[in-house]
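Engineer: The sequence shown begins at 3 in this note's numbering and counts up one residue at a time.
The reader is advised that the hints may include incorrect statements.
[Claimed, not checked] Listed next, the in silico EDC-like pairs over lysine to aspartate or glutamate satisfying Cα-Cα at most 20 Å (straight line):
#	residue 1	residue 2
1	K66	D9
2	K60	E8
3	K20	E72
4	K43	E18
5	K60	E18
6	K39	D63
7	K20	E8
8	K40	D63
9	K74	E8
10	K40	E8
11	K20	D9
12	K20	D63
13	K60	E72
14	K74	D9
15	K40	E13
16	K40	E72
17	K43	E31
18	K39	E72
19	K53	E18
20	K20	E31
21	K53	E8
22	K35	E8
23	K66	E31
24	K35	E72
25	K53	D63
26	K39	E8
27	K10	E72
28	K74	D63
[As the list claims (entries may be wrong)] DEER-style ranges, computed between Cβ atoms:
#	residue 1	residue 2	range
29	K43	Q5	33 to 39 Å
30	W77	G57	18 to 24 Å
31	N51	Y73	18 to 24 Å
32	E72	Q5	29 to 35 Å
33	Q5	T29	14 to 20 Å
Don't read these hints as lab results, they were simulated from the structure. Just so you know, even glycine gets a beta-carbon here, dropped at the ideal spot from N, CA and C.
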Amino acid sequence: MAQISEDKLIETMRNEIKGYIRMRGYTYESLAKILTKKYGKSVSAQSINNKLSRGSIKYIDVIKIATALEYKITWS
């Protein structure tokens, strides 16, 4: 089986998360407001964008985004 580079994995993750945000009709701005309200910690649209662009998003942040968007992450 061919190995996938880390850069390709980050790009795939970024595109998937962006796609899920768009499919629910949200922008980074609206998502940031939801996350701030839901978790009581200030989140900005810029911070979401930066984490996705750099590939430095933490798994806990991915879970929070998925929950805010009413998605469930499952492992198969």
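Engineer: A separate judgement is required for each hint: does it hold in the structure or not?
Structural biologist: Right, here's what the structure says about each hint:
{"no.": "1", "hint": "K66 x D9", "verdict": "violated (23 Å)"}
{"no.": "2", "hint": "K60 x E8", "verdict": "holds (15 Å)"}
{"no.": "3", "hint": "K20 x E72", "verdict": "holds (15 Å)"}
{"no.": "4", "hint": "K43 x E18", "verdict": "violated (24 Å)"}
{"no.": "5", "hint": "K60 x E18", "verdict": "holds (15 Å)"}
{"no.": "6", "hint": "K39 x D63", "verdict": "holds (14 Å)"}
{"no.": "7", "hint": "K20 x E8", "verdict": "holds (18 Å)"}
{"no.": "8", "hint": "K40 x D63", "verdict": "holds (13 Å)"}
{"no.": "9", "hint": "K74 x E8", "verdict": "violated (24 Å)"}
{"no.": "10", "hint": "K40 x E8", "verdict": "violated (31 Å)"}
{"no.": "11", "hint": "K20 x D9", "verdict": "holds (16 Å)"}
{"no.": "12", "hint": "K20 x D63", "verdict": "holds (14 Å)"}
{"no.": "13", "hint": "K60 x E72", "verdict": "holds (18 Å)"}
{"no.": "14", "hint": "K74 x D9", "verdict": "violated (25 Å)"}
{"no.": "15", "hint": "K40 x E13", "verdict": "violated (27 Å)"}
{"no.": "16", "hint": "K40 x E72", "verdict": "holds (12 Å)"}
{"no.": "17", "hint": "K43 x E31", "verdict": "holds (15 Å)"}
{"no.": "18", "hint": "K39 x E72", "verdict": "holds (15 Å)"}
{"no.": "19", "hint": "K53 x E18", "verdict": "holds (14 Å)"}
{"no.": "20", "hint": "K20 x E31", "verdict": "holds (13 Å)"}
{"no.": "21", "hint": "K53 x E8", "verdict": "holds (15 Å)"}
{"no.": "22", "hint": "K35 x E8", "verdict": "violated (30 Å)"}
{"no.": "23", "hint": "K66 x E31", "verdict": "holds (15 Å)"}
{"no.": "24", "hint": "K35 x E72", "verdict": "holds (15 Å)"}
{"no.": "25", "hint": "K53 x D63", "verdict": "holds (10 Å)"}
{"no.": "26", "hint": "K39 x E8", "verdict": "violated (33 Å)"}
{"no.": "27", "hint": "K10 x E72", "verdict": "violated (26 Å)"}
{"no.": "28", "hint": "K74 x D63", "verdict": "holds (13 Å)"}
{"no.": "29", "hint": "K43 x Q5: 33 to 39 Å", "verdict": "holds (36 Å)"}
{"no.": "30", "hint": "W77 x G57: 18 to 24 Å", "verdict": "holds (20 Å)"}
{"no.": "31", "hint": "N51 x Y73: 18 to 24 Å", "verdict": "holds (19 Å)"}
{"no.": "32", "hint": "E72 x Q5: 29 to 35 Å", "verdict": "holds (34 Å)"}
{"no.": "33", "hint": "Q5 x T29: 14 to 20 Å", "verdict": "violated (35 Å)"}
Violated hints, in rising order: 1, 4, 9, 10, 14, 15, 22, 26, 27 and 33; the structure is consistent with all others.
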